[in-house]
Each structure stands twice: as C-alpha cells, then as structure tokens.
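Listed here are the chains, written in short residue letters.
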Amino acid sequence: MITLENLTPEELAFRDEVRAFFAENLTPDLREAGRKTVWLSEFEYGREWQKRLNAKGWGAPNWPVEFGGTGWTNNQKLIWAIETERERPPVIANMGRDLCAPCIMAFGTPGQQQYYLPKILSGEDWWAQGYSEPGAGSDLASLQLRADSDGDDYVLNGSKIWTTMAHHCNRIFCLVRTSKEERKQAGISFLLIDMDTPGIELRPIYNLAGVHEFNQVFFTDARVPKTGLLGEEGKGWTVARHLLAREHSGSVFDGLEMRRRLAWLEDIARHESNGRGGALIDDPIFLTRFAEAAVECEVSDAVTQRLIKAVQADNLPPHLAELLNIRKRELGQRLTGLLMDALGFYGAPLQTDALHVGGKGVAGEERAEIPTAFYLTQRAGTIAGGATEVHRNNVARHVLGL
Amino acid sequence: MTEFTEEDRRLLADGIEGTLATIGAAGSSVGGYPEQNAKIWSDLAELGVMALPFAEEYNGLALDWLEIGTVMKSLGRFASVEPYLPNVVLAGGIISRSDGTDLKGKLLPALATGSIRMAVAFSEPESRYQPDHISTTAATSSDGFVLSGHKALVLGAPQASTIIVTARTSDDRDKDELSFFLIDAGAPGVTIKDYFTIDGRPAAELLLDKVRVTTADRIAVAGSRRAVLEAVLDEATLAACWESVGAMERLNELTLEHCKERVAFGQPLSKLQVVQHRLVDMHVAIEHAAAMTLTASESLTLPASERAMQVSAAKSTVAKEGLFIGEAAVQLHGAGGTTEDLDVGRYYKRILVNNMIFGSRDHHLQRYLDLRMAGQEVRA
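Same order as they appear, the protein sequences are chains A and B. Heads up, this note's numbering is the position in the first sequence plus 15, with the first residue counted as 1. Heads up, this note's numbering is the position in the second sequence plus 1, with the first residue counted as 1.
Careful: at least some of the hints might be erroneous.
These stretches of chain B come out as covered by chain A in the derived footprint (C-beta under 8 Å, 3 or more residues) [said to hold, decoys possible]:
| id | stretch |
| --- | --- |
| 1 | 116 to 130 |
| 2 | 186 to 199 |
| 3 | 325 to 338 |
Capping the alpha-carbon separation at 30 Å, the derived lysine-lysine pairs in DSS-like fashion look like this [unchecked claim]:
| id | chain 1 | residue 1 | chain 2 | residue 2 |
| --- | --- | --- | --- | --- |
| 4 | B | Lys211 | A | Lys375 |
| 5 | B | Lys194 | A | Lys195 |
| 6 | B | Lys105 | B | Lys176 |
| 7 | A | Lys199 | B | Lys272 |
| 8 | A | Lys199 | A | Lys241 |
| 9 | B | Lys194 | A | Lys375 |
If you're looking for bench data, these hints aren't it; they were derived computationally from the structure. Here the structure is a predicted model, which is why all the values come from computation and not from measurement. Even glycine gets a Cβ: it sits at the ideal position worked out from N, Cα and C.
So that you can see chain A by itself, here it is in the shape it has in the complex (with noise of 0.2 Å):
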C-alpha cells in the first residue's frame, strides 16, 4: 500500500482536516458522478465539486498564495492526492486552473490578471483549451488556425478539434498562427477567447462510448479583441511550452487507482457465476490473469512510493513521471479490460444512460454498468496528452540520450 511516512502532528492533524471535509462535502450524488466517472465526471457535479473547495478555500491548491493558492507544503499536496484519490469525487478538466491560469500568471498583464484569475477559482468561468487541430495533434507545433491582424481584432478562420467539454465552457484559450515562419513553432500566438463570440460554433463529437465529451470548434471570421493576446504575439509557442509541461508531468498518484480497479475486478469475479456452479473467481484462466495484474499494481505502488520519495525531496528527475506514466496508462487500460471480460456477454449492452446520475442500465446487475463505457473511455488514455509513441521518443531522447 503507498504510505507517506514521518508525518508531523501538524500534517497528521491536516490528514483529519481533509478527510473531515471529504465526509461533510461528498454528498451521495456528488459520490454517484464520482463513481460513475469514466474519464470526466458529469460537468455540472464536477463544477459544484470546485464551488465547495473553494469556499473552503482550497480551490487551486497549487496557485502561488497571492493569487488564491493555499501554500501548502509537499507532504500537504501528497496527502490531499491520494485522499482525493481514496474518495474519488466528481472530478471534470479544469483547464482554466490547471491549464490557463499559471500561464496568465507568468505572461498575464495584470488587468488581465484581475479580470480572468478570480472567475477560474470560484468555478464561475469555465475554460476549454484549444490546441489540437484536426491536422495537428501529438505534432502541435502544425496548427493552422489563422489569426489575421484587422486594427483592434484578429480576424479568426480555422478550427479546433478535441476541445474537451467546450460546450459546457464560456471561454477557450487557443494556439493560433499569426504569421507564417520558416520555423512552425514560430508565429504562434496564445489567445484567450470569449466562446460566445460571433462566427464560433461547436459541432459535438461523441467517444466510443456514445458520451458527448469532444467537440470540434469551427471559426469563421470571428473576430477576437487583441486585448485577448496573452504574451507577445508570435510568442505563444513559448506559453503553450510552459503550460505542456505542466500538462505531461501526469499524476503520480494515480496508484491508488490501480487499486481501486483491482478490487472492483475482484468484486465482480466474486458475484459473476461462472456457469458451473461456482462464481468467476474460481475459474483458474481467470485467476491467472487476475494474479498478473495484482502483481503489476503491488509494482504501481512501488512505482507510486518513489516518485513521492522524490516530491518530497524536492528531487524528481526530469522525465522519470514521463517514462513511469507510460506503463501506467498501459496497466489502467489493461485493467479496465478485465473489467468488461469479467462481465461475460453483459458486457455487451449499450448503457450510456446508466453512466448518468440517476441514470440506469438497460441489462444484467448494477455491476454491468460502468466496466465496458471505462473500457472504450480509456482507450485515449494513451493517446490524449500525447500519444505513448510520442513519450517513448521522448524518453529514448531525453533520458537515453538516442
């Protein structure tokens, strides 16, 4: 089991300040949409779940304090990960606090400051990130979303595709090109955008497992106040680096996860008959592969342990979150699999609805629900934030030095 050792009275005292605060929050509904998560939570949970840390005022634990942060030290971030994780509350991309605010606070006028950093911590702005394009995706460097200067405004035409919950979202930062350059990272700028702007219209893409959770948004001459520019135009390669960063260094938390599938599988292996009198569990096929991926999660943990080793050193090398993140996506895949092969042919039905607060499934037990939509769901988990072929290049570049 991860365990973070030598804790103060202080940060013990904390521990119970959290989970206090987890018990009085974590309402049943807000539970449900956790529960039900199968890459994003339902949008409005996930949104009230934010309105409640904020009032506790812990909205965006990892701002710098004069901006809202709350100042807390490693082993305060360790503990709120992995009692998040334990709980599992509604958890939706917050772009905004996650993504855009800490590159307002390092390229942001301060007019630009005020207006937008307070809106993202009270949830009441939400943001989408527009980067991607349907011919520049892991290669982001080949957008082509044009942003023609016209006195005040730049004149948008183009579009962005896997823009995660846009439509859900009242602004999008976006990478456009301002001007075409020999070097395609050159030209770029980094534009914040009111989504009610005229010429912008979504077009809703659903995953495989019938949730609308992408759109592609479509610019037509829209036009975009230069106010919006966020740093130096043609420098927005520069903001977006800053915020990749941020974006690739994943969770190392995400142990506990594996966890939390592993015991799920074992669950459904205990209540599934296996049509000879007995349940899944008994079946030796089954426990083989069952014992396999116990084993991979005993490693997790102990993949886990060492990168909070190196947080709380301060000490974590660069790319090593990059290079362990890789067998972890494959790990939480593989797992889900399971998941759905444990349900038999009830994990054959259709139960988008079930995936809902309130929602039910249309055959077979509860247990039937989630599995195969997290299953489909999770296939981006190896693609989404970068395709793991583009991370092993990384890695054999960076760490290897190929």
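Position chain B against the provided structure of chain A, taking the given hints into account.
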C-alpha cells in the same frame, strides 16, 4: 447440391457488399436501428443469402460453411447490424435439425426468403457461457407447457415474431437434458426489454412469466437436444469468427490507409518504424485468425469433440488477434479513433461484442483444454 467455386464465392461477397455499401458502416451507429435496414434485409434475401444453408426441398441452396463464412465475413466488413446470425445460423440451425417435415416446411422457406424474423434465447443471467446451466422451467400443463424464466442478451429479439427458447421440463431435469420451445413474441406473459449492444445490434432481455405453449410448440429433434444446441452454437461461434475476420480485414485496410495519409512531425506516420512494425503485426494477426477460422470450418463435419476443439481454438485465436488489431487500429488513428466520427470504432466494437458472445477467449481456452485432456485420457 450446388457446388460453389472460388469465383462464385467472390461474386457472392460482391453482391452482399454492394448491397451493404448503400448504407456503409454508419448503419451500425450506436443506439439506432436505421429504417433503411428493412430494405437491406430484403435486398440480401433477394440475393439468396438467407437460403444458403437450407436443404433444397425447403427452397434452400444446401451450401456449406465456406459460403456462410463468406456471408459473415462480408457482413463484418461493413460492421453490419443485419440479424443474419440469429435468424439463419441460430434459428435456422435448430429448425434444420428438427425431426419431421412439418416445422421445417413451415419455417425454413420463410427464413430462406427473409419473410420471418426469429431469434434464439439460450443464455441466462447466471449461465455465463454454459448453455446447459439454465433455470428457465417448462411445467407440464393440460395442453402443453408453461414457461417461466429470464433469458439474457437475445440477439435479434426486438424484431423477432417467433423466438426459440431453451427451458427444462421435469423430465429434462431427470435426464440432464433441455428442450427447445417456440414462443410467440406477443404471447401473454412475454416481456421483451429491448436495447442495443455497443456495436449497434438490437438485442433484448426476455422475461417469461407463465407463458403457455402447446405440445406442438416443443421442437422435436432426433437424439440429444443438448448435443444439437452445442452443434448449433459451435456453428454460431464460427459465424462470429468469420464476421470478426471481416471486421479485422477492414480495420487493417483503414489503418494502413490512415498511416500513409496522416502526416505528423513532417512525415507520414507510415514512415515511422514503430508504426510499420505495428502494421506488420496486424497483418500477421489476421492471417493467423483467418487460417484458424477456415480450418475450424472444415472440421464442422467431424465428431463432436474434435469439432468443438477446433471451434474453441478458432474462437480464442480470433478473440486474441481481433482485440490486438482493434486496439492497435484505434491507437494508430489517434484521437479520431476514440470517437464515433470514424468507422474504426464500429469495427472495433463489433470485434469486442463478438469476443463476449458464444464464449470469451478464456472460456474457449478452458474448453479447448478440457477437451484435449479428455482426449488424452481416452488415448491413454
């Protein structure tokens, strides 16, 4: 009996795929059974596709498993939601083995022309992949039987007018047997809770609450009914294998095409060696899956235990290689592969569902192993 040549099979595939191409793989969109499918079904019937396996005296063409395989593979190449498997392979398989000519004369010509829709309900919530582990009962009544129980994941049931249900009479229980009953989908006591599978196929939970049937509704078969069910399910298992092979073939085509076209970091994905090797492995995988499926098809006329071993070898192989191809195809298509925007997901989900029905990979590995061990005991 008509002899089919390679050329005939090619023409058959062209005919089916020409028909299915009118709606494309989008016909298997999640959560919808398009109106136009009624037309596809009758077009396929007109091609004679439904008549293939049935005896000539029932308007069939008396063709064998290479032709059924050809049909299933073509359906797989479009991730088609047409209920060929529940109607022709499952219902047709049981009726063809029934005793006497009355039932065959009544149902086979109708199945051969696609004018009746049927389904076979053999799974239950607790049966997993053991079709003889059922608890649906057939109590004797004055003029027949009264059926009660819960049948699970009945493919094609929402459109079926007549459903074949497996159940146990008290006599069956004593003899470790089961029986087939024909029920009317609209009969009192029948509840059909319909839904779609993740690959777009209509299916249902079938609840039977004291459904009355006559003695004539019990299907008479020569010999063991369990053996008949096992033989029909082995054929259905192979049909699913052929269909998955068709879906795998299409995934390989789509993925190769995508990798040649998609440019990232200044070159097509197909120029990257890691991508090339993955594509090669996908092509190795389908050769293995297709070869084993073909060999197992040729074994259908062998004694039951030899047939079953081959079928289980095929199903476990197709499940493994199909999953590999499906996951690799999604991965190589990047974000688009994880959405309903592209056809990749439809083929992938067809493979996944086929992996879950008629026995999973693990089920068939165990079945293969049990049969192999038993065979060695006999020899020793």
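For each hint, the structure was consulted:
Chain A is given as covering the stretch 116 to 130 of chain B, and this holds because 6 residues of the stretch bring a CB closer than 8 Å to a CB of that chain, at least three being needed. Coverage of the stretch 186 to 199 of chain B by chain A holds [criterion: at least 3 residues with CB-CB distance below 8 Å; count 5]. Residues of the stretch 325 to 338 of chain B lying with their CB closer than 8 Å to a CB of chain A number 6, which satisfies the three-residue condition for coverage. Between B/Lys211 and A/Lys375 the CA atoms are separated by roughly 27 Å; this keeps the pair inside 30 Å, and the hint holds.
Under the criterion of a C-alpha separation no larger than 30 Å, the hint pairing B/Lys194 with A/Lys195 is inconsistent with the structure, at around 58 Å. A distance of roughly 26 Å separates the Cα atoms of B/Lys105 and B/Lys176; the hinted pair therefore holds under the 30 Å criterion. About 21 Å separates the Cα atoms of A/Lys199 and B/Lys272, which keeps this hinted pair within 30 Å; it holds. Using a Cα cut-off of 30 Å, the hinted pair A/Lys199 and A/Lys241 holds, with the two alpha carbons roughly 22 Å apart.
Of the pairs offered as hints, the one joining B/Lys194 and A/Lys375 holds, with about 13 Å between alpha carbons and a cut-off of 30 Å not exceeded.
Consistency note: the structure conflicts with earlier hint 5 alone.
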